[in-house]
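Asks: If you want the building blocks of each chain, they are given just below.
2 protein chains.
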Amino acid sequence: MKVFIVFAHPEPTKSLNGALLRTTVDELEAQGHEVQVSDLYAMKWKPQVDRDDFPHLQPDDRLRVAYASGTAYQTNTLTEDVKREQEKLLWADFVILQFPIWWYTMPAILTGWVDRLYSLGFAYGIGEHSDKHWGDRYGEGKMLGKRAMLLVTVTSWKEHYSARGINGPIDDVLFPINHGILFYPGFEVLPPHVVYQADRLEEADFGKTAEELLHRLRTLSDTKPIAFRRQNGGDYEIPTLMLKPGLEDASAKGFSLHSSKAEETRSSR
Amino acid sequence: MKVFIVFAHPEPTKSLNGALLRTTVDELEAQGHEVQVSDLYAMKWKPQVDRDDFPHLQPDDRLRVAYASGTAYQTNTLTEDVKREQEKLLWADFVILQFPIWWYTMPAILTGWVDRLYSLGFAYGIGEHSDKHWGDRYGEGKMLGKRAMLLVTVTSWKEHYSARGINGPIDDVLFPINHGILFYPGFEVLPPHVVYQADRLEEADFGKTAEELLHRLRTLSDTKPIAFRRQNGGDYEIPTLMLKPGLEDASAKGFSLHSSKAEETRSSR
Numbered sequence: 001m002k003v004f005i006v007f008a009h010p011e012p013t014k015s016l017n018g019a020l021l022r023t024t025v026d027e028l029e030a031q032g033h034e035v036q037v038s039d040l041y042a043m044k045w046k047p048q049v050d051r052d053d054f055p056h057l058q059p060d061d062r063l064r065v066a067y068a069s070g071t072a073y074q075t076n077t078l079t080e081d082v083k084r085e086q087e088k089l090l091w092a093d094f095v096i097l098q099f100p101i102w103w104y105t106m107p108a109i110l111t112g113w114v115d116r117l118y119s120l121g122f123a124y125g126i127g128e129h130s131d132k133h134w135g136d137r138y139g140e141g142k143m144l145g146k147r148a149m150l151l152v153t154v155t156s157w158k159e160h161y162s163a164r165g166i167n168g169p170i171d172d173v174l175f176p177i178n179h180g181i182l183f184y185p186g187f188e189v190l191p192p193h194v195v196y197q198a199d200r201l202e203e204a205d206f207g208k209t210a211e212e213l214l215h216r217l218r219t220l221s222d223t224k225p226i227a228f229r230r231q232n233g234g235d236y237e238i239p240t241l242m243l244k245p246g247l248e249d250a251s252a253k254g255f256s257l258h259s260s261k262a263e264e265t266r267s268s269r
Numbered sequence: 001m002k003v004f005i006v007f008a009h010p011e012p013t014k015s016l017n018g019a020l021l022r023t024t025v026d027e028l029e030a031q032g033h034e035v036q037v038s039d040l041y042a043m044k045w046k047p048q049v050d051r052d053d054f055p056h057l058q059p060d061d062r063l064r065v066a067y068a069s070g071t072a073y074q075t076n077t078l079t080e081d082v083k084r085e086q087e088k089l090l091w092a093d094f095v096i097l098q099f100p101i102w103w104y105t106m107p108a109i110l111t112g113w114v115d116r117l118y119s120l121g122f123a124y125g126i127g128e129h130s131d132k133h134w135g136d137r138y139g140e141g142k143m144l145g146k147r148a149m150l151l152v153t154v155t156s157w158k159e160h161y162s163a164r165g166i167n168g169p170i171d172d173v174l175f176p177i178n179h180g181i182l183f184y185p186g187f188e189v190l191p192p193h194v195v196y197q198a199d200r201l202e203e204a205d206f207g208k209t210a211e212e213l214l215h216r217l218r219t220l221s222d223t224k225p226i227a228f229r230r231q232n233g234g235d236y237e238i239p240t241l242m243l244k245p246g247l248e249d250a251s252a253k254g255f256s257l258h259s260s261k262a263e264e265t266r267s268s269r
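These protein sequence lines map, in sequence, to chains A and B.
Residue numbering for the first sequence follows UniProt numbering, beginning at 1 and increasing consecutively.
Residue numbering for the second sequence follows UniProt numbering, beginning at 1 and increasing consecutively.
Worth flagging that the hints you see were computed from the coordinates, not collected in a lab.
Please read all numbers here as calculations on a predicted model, not as lab measurements.
Zero decoy hints are in this set.
Identical copies look the same in the list; a pair holds intra-copy or inter-copy alike.
Below, a list of computed lysine-lysine pairs in the DSSO-like style, where the Cα atoms sit at most 30 Å apart: (1) K208 <-> K14; (2) K158 <-> K132; (3) K253 <-> K224; (4) K142 <-> K224; (5) K244 <-> K158; (6) K14 <-> K46; (7) K158 <-> K142; (8) K44 <-> K2.
Please put together the full structure from these sequences, using the hints given.
Replies: In C-alpha cells, the structure reads:
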C-alpha cells in the first residue's frame, strides 16, 4: 500500500521521534509498501493560515478563511505547498501523523498543516446538505477508503492518561484529532500507538519500544478501527446531530458516546 | 484589574472576532480596567518551536525542547518575543484567550504561542517533586491567583456541541485547553464564552451577540470558576495521579471526573 507519514518534531536525527520514524519507514518499506514522509520542520512548513494563503483576495477583501479556502480550492489557486500535501493525502492508502503531544494536542506546525490543508471542498462542505444528510463528513468524504493512525509520544506516565488519570484518558485527549480531524473527512481511524515517558527513555530501552511499534506495524491489516459512528448512518438526529436515545453502552458519556462497542475498540495499551 | 487578551484571528477589522474584541476592550476599559492585547497575527508571531528559540544551543547539540526551554528560561536567554509575552502573563490579573475554534482546537498561531511561552521553569517543572507533591501544577504554579477565560467562536450549532452532539460536549472539547493549558500553571478558569454559528451571523444580529458578551463581562467577579480538582489537594493518588475512588458524582466519567460538583459548574449556555 501507499503510506504517507506526516512528521512533526524539530529534532529529526537525535530524538526518540526521529528513531521511531526511521523504524517505521524501514519496516513498512521492508513489507513492500511505498512510503512518503513530510517532515514539516525540514520543509519549513508555514503553520499559520493568513492572507498569503489566498492570492485571489484583494487587499480590501474581508478574509473569511472558510470561503477563501473554498474559492482557492475550486479555482486551483491554493498555494503550491498546500496543493502538494493535499495530493499526498489523495495518493495515500494509509496516513500516519507522528508527533510529540505538547500541551495536550499537536505541535503548532502540525495544527497548521491541518488548518491550511483542510480547505472547504476538500475536507468539508462536501455532498448533500439536507434534513437527511448533513454533508459528507464523520465517516464520509474525500478520504473514504483510506485509513489513518496517530503515532505519538508523551512525557507523562501511562497512569496519568488512564481512565482516572489527571490528564484525562488518552483516547479522550486524542478524540478531537482522531474523530474531528481524521474520521471527519472519511478516514477509518486505527487506535493510536502511544509511547509513554518519552523523555525518560534511555537508548538502552529503545529496543523494547521499537519492538512494540514493530508489532503494531506488522499487525496493521488485522487491527480494527475505532468504531466511530457515521454521522449519516442513522444514529444521529439531523440536523441537530445529537445521538439518538438508547444507542449507547450504559457507561458511555461525553466523547465515548460517539463510538459503538466502546469497550471493544478503545485502545487498551 | 489588569487584563491581558490574546487574540488569534487573521482578520482583525472586518470579522466577527474583531468586533467581539473591540466590544471586550471597550467594555473592560469602561469598567476601569487596564487592558493589553496581543494580536498574534498583527505581531507576526512565530508559531513553531525550533532551534531558533534557543540561541544557547550549539549546532551539534541535540534539541530537547523541554530541557532547552528550561536552560533558556533560567539563563534569561529566551528570545525577546517570548520574554515579552511571559511578562504580560505575569503582569495580568485576568487573561482571555480569544480565537475561532478550527478543527476542534486553537488556530496554529495560538497553539504555538503556548508551545513557545510555556518554558520549563515558567509553566511546569516547578516546586517539590516527591511522592506527596507532584510538582506545582494543576491548580498551583506561577499563575496562582490569576483568572483566565476562553472567548471562542464556532461555526457549528450549539446542539452539535451539546451533551449528545456529534462534535462532543463543548466543555470536553475545551477541556485540554481549560484544564491542560490554563488550570495547569495555576489559573482559576472561568467557564468559556462561546458564540455558535459564527459564520451565519449577520451584522443585524450582532447586537444580541454583543449583549450576551457584555453580560458575561459585567458579571465576571460573580462568575464561579470551573471546579477543577487540585492535583496536590488530596483527591489524587501520587505518583500515579489517578483520582481516588468514590470522589466523583455518579454520572461523571472521562474529563468530567476532574471537576467536583460537575453539575454546578459545567457551563450551561
